[in-house]
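These protein sequences, in sequence, are chains F and G.
In this text, residue positions in the first sequence follow my numbering: the first is 1, and each later residue adds one.
In this text, residue positions in the second sequence follow my numbering: the first is 1, and each later residue adds one.
Simulated from the structure, these hints should not be mistaken for laboratory data.
A portion of the hints provided could be inaccurate.
Which copy? The list can't say, so a pair holds if one copy fits it or any two copies do.
Mimicking DSS-like on lysine-lysine, the simulated pairs with C-alpha atoms at most 25 Å apart in a straight line are [claimed, not checked]:
#1 121 / 29
#2 408 / 226
#3 116 / 51
#4 116 / 205
#5 403 / 390
There are 2 protein chains.
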Amino acid sequence: MASSKAFVQGEPDAPVLKTSSIPGAQSSKRIAELSEVFDTRSINMMTDYTKSVGNYIADPDGNYLLDVYAQIASIPVGYNNPALAKAASTPDMVNAIINRPALGNFPSHDWAEILKTGILKVAPKGLNHVFTAMAGSDANETAFKAAFIYRRQQERGGPDVEFTQEELDSAMKNQAPGSSSLSILSFKTAFHGRLFGTLSTTRSKPIHKIDIPAFDWPQATFPILKYPLEEHAEENAKIEQACLDEVEHLIKTWHIPPAAVIVEPIQSEGGDNHATPNFFRGLRALTKKHNVLLIVDEVQTGVGATGKFWAHDHWNLQDPPDMVTFSKKAQTAGFYYGNPALRPNKPYRQFNTWMGDPARALLFRAIIGEIERLDLVNHTARVGDYLFTKLEGLQRKYPEQFKDLRGKGQGTFIAFDNPKRDQFLAKAKEFGINIGGSGANAVRLRPMLTFQEHHADILVEALEKIALTL
Amino acid sequence: MASSKAFVQGEPDAPVLKTSSIPGAQSSKRIAELSEVFDTRSINMMTDYTKSVGNYIADPDGNYLLDVYAQIASIPVGYNNPALAKAASTPDMVNAIINRPALGNFPSHDWAEILKTGILKVAPKGLNHVFTAMAGSDANETAFKAAFIYRRQQERGGPDVEFTQEELDSAMKNQAPGSSSLSILSFKTAFHGRLFGTLSTTRSKPIHKIDIPAFDWPQATFPILKYPLEEHAEENAKIEQACLDEVEHLIKTWHIPPAAVIVEPIQSEGGDNHATPNFFRGLRALTKKHNVLLIVDEVQTGVGATGKFWAHDHWNLQDPPDMVTFSKKAQTAGFYYGNPALRPNKPYRQFNTWMGDPARALLFRAIIGEIERLDLVNHTARVGDYLFTKLEGLQRKYPEQFKDLRGKGQGTFIAFDNPKRDQFLAKAKEFGINIGGSGANAVRLRPMLTFQEHHADILVEALEKIALTL
């Protein structure tokens, strides 16, 4: 077993299983109670957050599972983190909770400072502005709106050209030219959210999209690479080039021209699909060439999980993305940008009542503090390597059960395919592990940044046992 | 001056003006600082929330304005309300802030209780379920999705009929039949949000819509009535019937058939446009007749401001709306519904990572507690009548300055038109009032529920002075 000083005090040494199956009696009772008023058919586990600690999620029956799913990749530094609890108990936080501002109209006197010492302190290279939002989905939609406004501004001849009366009138009728005939290009198996604009770019599963009206926007093929990537470099490069060619073809020919391309650094909900830095550099070059904006959706990949603060830091881009969206582990949301022309030419074009939540911005600042204090991004790079090596061992023993192991050098953002994936996930609870899937066949690991070597040991041992029972 | 026991301790007796104009030096400095990283062109007033108290909003220069705008109608029970501060300081709140769940997968053991003692305690009559969201815009979009899913389920022949392969395949391409060819019918001058689905139903101003792609959804004329309503009952009834006829025509003929009609009880952003209970009863009957759902958007009207907890309580409907959306004063968001068939037939069709925010649900519970403790809904009905009577006096003196005074019997949800509206709003600060507009010409009053007779006296006196300077 690896030895490492525990970041978290008070965690159990190992998963604790009090009931023969989950949900136990207490949990079942509470699920039944909740069903009366709330749709519970997607419940994974009834949770007791007062007892959950660090990397362990607790339920009302006293079970403690090692949690490598982390609220769909969104708990950053462990349950009941003391530094976060302290930040959440300050007068500033109480103030932010009870006096929620309409940020665009009535920002608080210290909003600039909160941004500069928090959200903007970790802004991706080249991006120094932020538009704050509530969750990943509206972060992406506001980025889309910025792209449409920017593109039409260019087409009009600049920010000072006034709208025509025809544009103003037709916009009110949802008709061109006021309502623009522009699109966002996304990739097959992408996930960018489930509101009407983002859902039109989401291509994960039919169940996410069926019956909901959608815009006729284009989708390009995302590279379907062979793993391990380094053993198939030449073949993969060809696959990636074909995808880039398809992107270029769609940009040039789609009947509703794209104002932006949106892409995830690692397609997360869609099955943990990786591409190489070369692909993304090519995408940046292509979008520059055709004057199409590049939006990098870091909602799931951002904030350290890949061993860099932002996953696109792995790409060594010459020109930064035009916009980078964030949410989940940031516990707040929005998009970063650098080009001031991405601010619309007039106020109130990009606006809403709350425009984010200062309480959540304060929390992100505390999360950043905790990440810095414990050097959690570098830590995650290291523990990811440790974990990946152990998983490679499992893969050698059980090649079909740990198929297409991927995420090497990407921190703990690791996944593998299993032929009985859904059973695998369900079975994991019996071995004390809370784990999620992505796409149709992948088991995805999304531990917190406080996941350490001793947790990796427990996890890998359990994964082997789970595989053996299936 | 009216005498009434003050709900709020620590308020100034009257507005305090320390600088000759707003923004003063301190505020200007902070606005400049914020501009470096955040779009500040829509700033109304730099605010110090640590000093703001009750009905008074403070700025960094020491100014205190009587706030009848209340963060665009969203502060419910006063700044720094002690009961809310207490709720925000509890271990439950800290827990909710730092351990944010993916509610659909991992609800907390007490989520049912939080809902039942909070959000659902004030559920509109006939509606006993809730889908929680983040803000008004996504509350409306999730309601739209529920409507589309429900309608297609009916068309398919019920919840047990499986999707066809063609539907599944075409949905992934954003094409019919999988992506449904259905619409949401909204009204001219309506405001329902600014995400892509809601913006397609929003018809407030071109600046909200221009350059953003929109769905080709239908809009009906909202009644443009003559005020005072009671003096033009017969004429108004005809206008309303014509609008209902137009709704029926659009339902029967629009090339993308509506699955739902969405309507505000009082069109708020669009200019404080009222209609009578008779109109809304007619709309309920029409939608029932044509099997189209009725979504009542109570984002701005809900939670007491009209002198009823929900504005649609004024209508005495026989059948409740199918869905009622809420946000703003609730400080959380979502939609209520009653018909269990509005739960999609399968899980994960209506789902996202956070699905709301338990911290904000706890806050709403505390707000409800404060509303009950002080009987603030009935209070608001009374103080609204008091205020309206005084405004009628102003209107008699200055008929052109306080034109089309409206909102009688609707609590403090009152508005009037002014020919120099924008100057009126700007000038108000010099008289110690923070006030907002709606539509092109309306001055809208959106005080908090803690607004009392002595505030009304200050307000009316100031309104007269403002009018005299223009």
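Against the structure, the hints:
1. 121 / 29: between (45 Å within a copy, 21 Å between copies)
2. 408 / 226: Within one copy only: 13 Å inside a chain, 69 Å across chains, cut-off 25 Å.
3. 116 / 51: For residue 116 and residue 51, only the inter-copy Cα distance (22 Å) is at most 25 Å; the intra-copy one is 34 Å.
4. 116 / 205: neither (38 Å within a copy, 33 Å between copies)
5. 403 / 390: within (14 Å within a copy, 76 Å between copies)
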